[in-house]
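Visitor: Chains as they are written, first to last, in this note's numbering: chain A, 1 to 331; chain B, 332 to 428.
No false leads were mixed into what you were given.
Calculated Cβ distances over 10 Å to all of chain B for the following chain A residues:
#1 Glu33
#2 Asn70
#3 Tyr182
#4 Thr192
#5 Trp208
#6 Gly215
#7 Gln228
#8 Leu240
#9 Gln251
#10 Ala268
#11 Asp269
#12 Gly276
#13 Phe283
#14 Ala299
#15 Ala304
Cβ pair distances, simulated, as ranges:
#16 A:Gln27 to B:Arg409: 19 to 29 Å
#17 B:Arg409 to A:Lys39: 20 to 30 Å
#18 B:Ala395 to A:Thr73: 40 to 50 Å
#19 A:Ser281 to B:Ala348: 45 to 55 Å
In the DSSO-like style, the derived pairs of lysine-lysine whose C-alpha atoms are separated by at most 27 Å in a straight line are:
#20 A:Lys122 to A:Lys231
#21 A:Lys231 to A:Lys243
#22 A:Lys196 to A:Lys81
#23 A:Lys35 to B:Lys355
#24 A:Lys39 to B:Lys355
#25 A:Lys122 to A:Lys288
Rather than coming from a laboratory, the hints here were simulated on the basis of the structure. Ideal Cβ placement from N, Cα and C applies to all residues, glycine included.
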Amino acid sequence: MYTQGLDQAGYDTGYAQDDAALAQRFQARVDAEDKIEPKDWMPDAYRRTLVRQIAQHAHSEIVGMLPEGNWITRAPSLRRKAILIAKVQDEGGHGAYLYSAAETLGVARETLVDQLLSGAAKYSSIFNYPTLTWADAGAIGWLVDGAAIMNQIPLCRCSYGPYARAMVRICREESFHQRQGYELMLALCRGTEAQKNMAQGALNRWWWPAVMMFGPSDRDSKHTTQSQRWKIKRFTNDELRQKFVDFTVPQAEFLGLTIPDPELRFDADTGHYEHGPIDWSEFDAVVKGNGPCNRERLAARRTAHEEGRWVREAAAAHAAKQALRRAAEAR
Amino acid sequence: MTESHQGWPLYEVFIRARAGLDHKHVGSIHAADPAMAVEHARDVYTRRGEGVSIWVVPAAAITASDPDEAGALFEPARDKVYRHPTFYDIPDQIETL
Ligand SMILES: [Fe+2]
Ligand SMILES: [Fe+2]
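Excised from the complex, chain A in its bound form:
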């Protein structure tokens, strides 16, 4: 039904002349907060933008299972282990919801998976950092899922129906992710000096990558304007980042931890926290594949894909055999 070829690299906003009237009607529907559904006419650039964004989002959920998965076998209690397994399983589920939404735009699941494994597709740069201590499992839930929630809540109102519905489902599950992370940090901060130091170390390493999760500053983000016109995106990167900082600083204070930003200060006039400059050269390096774990993450996904091959093939062979048997019995 949706078989048109998709060119994932392109990002243009121009319409062919013939499509001008359709495009106008499309924009009027979007402006009226009408939802766009898979079979509706949509500009090619809207389709391409959504495929790229939803796929990147899906890949992020899948790769995002790796840093925390690293600690499942070493969780300090059965309670923490059960929680972490459930959390990581949720992230796999989020990936599945999102791939499912992307497929409604006419792209095959295998194509998306291939793009991830070949390194052609991007995923959130945050998952290219290592989880060195148990406290990192807490910092990820608290900060990374916390930042993800800021990004994801407005996406529940995205103009594309299947994406918006997937996001509603995801947001319902994210709150547990953030709360278990904060609770883990709280347990460490109320523990021994060494445990509290471990929590501070995790905050030191994850703070800036989390702040960078919102993407380039509004001054440098090429995608924001058109995405906002299409109501894919509701707030700018900097608006969301500010909200995250405002929410998170008091949470860190309650833990008795120090945010690793000497310039961070509360501006009584604006009612917002002002943070120091962001090192975008680090962000660029990680996005370009040179973060601490880029190669390791992709290698882990490729290995998982290869090691699962015999299972996929066996299941397909079994299904084919069953279908033949049913056909024979029907005769």
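Given chain A's structure and the hints, the job is docking chain B with the ligands onto it.
Guide: Quick look at chain B with the ligands alone, frame taken from chain A:
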């Protein structure tokens, strides 16, 4: 990545939240066969007791109406206001109608 690009077929997933409610479309799932589709749908869509019953339907088996024909299909119903009870003027004294 030399694997054939014919992945497992796509199934649309419908879930009954609790007895007494309709099955509602929740998304889709890939599986080798219908039994596996039910299992995958259970894992993906009901991790928190979201349902008591699952339907899976091969996506290829669904015939959908064309949005371009939405006017022809659905407009005729719009001017038949007499199909709604509020169309009829009944005196206030008649309280049981
Ligand atoms: Fe997630
Ligand atoms: Fe999460």
